[in-house]
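Q: Plus 5 on top of the position in the sequence shown (first one is 1) and you've got our numbering.
Since the hints were derived computationally from the structure, they do not count as laboratory data. One or more hints might be untrue.
[Stated by the list, open to error] Distance windows between CB atoms, simulated:
#, residue 1, residue 2, range
1, A364, P497, 29 to 39 Å
2, E110, G233, 41 to 51 Å
3, E132, D68, 54 to 64 Å
In this text the structure is predicted, and so the values were computed from the model without any measurement. Beta carbons: idealized from backbone N, C-alpha and C, even for Gly.
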Amino acid sequence: MLGVRPTPAPAPARGGVQGAARGADQSAPPARVEAPPAVTLGLRAESLRLSLRVLPTVVIVPDGPSYLAAIESWRPSGRFPVLIDDGTRESRHHIALFVAAFKPERVVSWAAQAPGRVDALALRGPELESRLMRAVARAWGAADTAEPLEGLKAVWGSAYTPTGLVVTFPNDTAWTAALAIAAGRGQPLAVVPAPASSRAAAMPLTEALTLDAAVRCAAERTGYTFAGLGDQLDALTLAATAPARVTVQAEDPLQPQMGAPFDPRPGEPLALTDLLGRDLPARAQSRWAWAGQVSGSAARGAYTAMCGLFLTPADAWLFEGYAQGFGNGVYSMAQSHAVLQSAKFPVSGAWVPTDATTATWARTAFDGVHAGLLLVNSSGQATTFDLRPRLGNASDMPVLRRPAAAYVIHSFSAANPHDGSTLAGRLLRRGAYAYVGSVHEPLLAGFVPSHVLVQRMLVGMPLAAAARFDGPRAAPWRVHVQADPLVVMPPPGATAGRAQGPVPLSGAVQLDQSMRDALRQGRIAEGVRLLGLIGRDADAVRYAQALLDQPPPPTPPTPPPAPPAPAPAPAPAGPIPADVAAELLGPAMRQGAWPVLLACVEAHSAQRTAAEFPDALDALWHLAWVHRATLTDAQAHALARSYRPGQALRDAEDLASWLRAAGKAPLARAALLNAQPAISSEADRRRLAALLDPSQP
């Protein structure tokens with residue numbers, strides 16, 4: 006299948022790990038070859054994942070207390086994905102993506118009942134740490150004790166040693182990710198004080214060093230070793246809201262060691278995840294753990310964690326943004342393509358080498374991306390990327406049809422992953438569960454080439470390690486890992502077995518039956534919503550298409566049409582009720598159902614869609630490009646009522662160009678005029694005036 010698959014068995018390391026002994030004297034005993042710490046870490050983590058049985062059920066809960074109770078019902082003999090439906094379009098979209106990839110036998114809803122409901126956000130630091138660690142211990146079948154970690158150690162004995170540490174802040178919504186990653190990966194969890202700048206765009210280095218010291222104190226409390234890579238704790242997850250950027254001033258104690266041009270000037274940032282997990286502020290700055298960050302709402306934190314625990318990429322999507330020979334070809338996506346082909350790792354979609362045009366991007370990205378790994382190289386800023394002849398922006402990032410991990414060689418794209426107007430923020434909102442990119446200008450050589458990252462992950466390295474340099478270039482720099490650091494990408498192979506039986510949650514409700522009941526009782530909007538949650542987008546779209554295919558009611562004769570109006574006609578009443586249309590936005594977007602999505606945006610209104618589910622409006626314009634040559638007049642009118650906030654002129658220009666190409670100049674002019682009320686900048690007004698000037702070609 007495309008996208009992602011249940012976790013396959015880890016492959017043995019290749020090449021340098023095993024191949025060093027091939028030339029040895031066959032009569033001599035084989036030499037012991039130690040795997041690099043990064044490979045060892047990945048194989049340790051993957052071995053654990055495959056030893057824990059998975060129940061083929063997805064559990065959807067409404068809130069944090071229910072989530073905590075569901076996670077602590079995990080056992081090594083049976084665990085299961087738990088996702089939060091917080092009522093937002095985003096959370097429901099993410100649930101639908103996950104269900105489509107995980108392919109459960111059943112999807113159930115469940116809510117914890119009082120007593121026993123615990124609101125994690127209401128607990129103070131020490132109380133929160135104790136309660137979350139108790140849930141982790143219960144998930145491993147450990148007895149309740151005053152010191153949950155000691156109970157865990159008793160269960161693990163000498164057979165298992167944790168691979169890393171998970172850290173969160175008090176009152177941080179990403180505690181959901183902290184809990185799941187700690188329980189799912191068998192890691193201690195600590196709560197440390199939040200930096201004062203945790204909600205800011207950047208963190209001063211002094212605060213980052215204070216955070217690092219708190220993390221090291223937490224690591225010391227576990228009793229496990231972490232002096233350097235290859236010790237017991239080699240991974241660090243920061244599951245908390247914090248800036249990806251750390252600014253360094255001239256007087257700061259950190260002295261980067263890579264040398265020009267890889268030393269930041271005063272005021273320029275480094276990546277938080279490349280600072281944490283090091284011996285700081287010592288001059289050596291040696292790494293003791295590979296770090297990653299997970300942040301966002303409780304629902305997004307749960308989604309990110311579940312994707313990393315239960316899914317791995319099954320195919321890749323590549324985009325080449327560099328001219329042939331750029332960077333001496335080291336960063337050419339052709340090399341990644343060759344590595345993937347050699348490993349028999351599928352590459353989805355049409356891949357066009359060295360052709361970074363607007364049309365090529367649209368052809369490969371605008372019909373939706375099914376792949377579980379996205380590899381992109383480009384240039385630009387935090388919100389834009391270079392295409393010819395027009396810049397791409399965050400709205401042009403592909404709509405994901407499956408959860409995905411993304412490695413993006415591009416300056417500034419991860420400057421603020423929490424902001425949906427940035428490239429990283431938009432792709433994360435669309436369903437990426439891992440994003441590696443730069444927080445500032447890193448220079449091209451500041452990135453690990455994508456083909457090297459792929460090679461490393463195929464031999465077992467986890468994402469956070471595969472994206473980092475070794476040796477002299479391993480000093481702190483600007484590449485940020487927004488992900489569970491132990492996300493893996495094994496080669497195609499056997500998948501982990503699944504356990505049988507129901508989830509141990511009394512009162513769980515089968516959503517398939519709830520959906521049938523809702524439709525039978527005429528609660529159509531609820532039924533359509535449930536179709537999306539249980540992975541039946543295609544059925545939801547078929548229902549909508551049937552409504553659209555109904556013949557319209559007869560209308561009385563009308564007088565001959567007047568000359569073209571200066572703006573598109575008002576929206577007629579459609580066959581899809583507004584409440585049903587709202588629930589159909591997600592299924593239509595994920596299925597790439599152009600007529601259905603357009604009708605649903607019309608029925609729900611573009612303004613409400615932009616406010617509640619802006620990605621659906623982006624998808625509408627992506628699909629409009631795909632179908633631009635066959636637009637009907639009615640579809641053109643509908644698009645002219647659906648310009649996106651902040652880029653009405655851009656959308657109007659596109660629509661007008663498609664209509665002019667079809668010989669519909671009056672309608673093209675009307676489309677441009679319809680953008681006028683939404684344009685505020687003087688530059689855009691001048692641009693619109695030039696476009697409307699009949700002397701212009």
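Q: Next, verify each hint and record whether it holds.
A: Evaluation of the provided hints:
Roughly 32 Å separates the CB atoms of A364 and P497, a value that falls within the hinted 29 to 39 Å. A hinted range of 41 to 51 Å for the beta carbons of E110 and G233 is consistent with their spacing of about 44 Å. Between E132 and D68 the Cβ separation comes to about 19 Å, which falls outside the hinted range of 54 to 64 Å.
When each numbered hint is compared with the structure, a violation occurs for hint 3 only.
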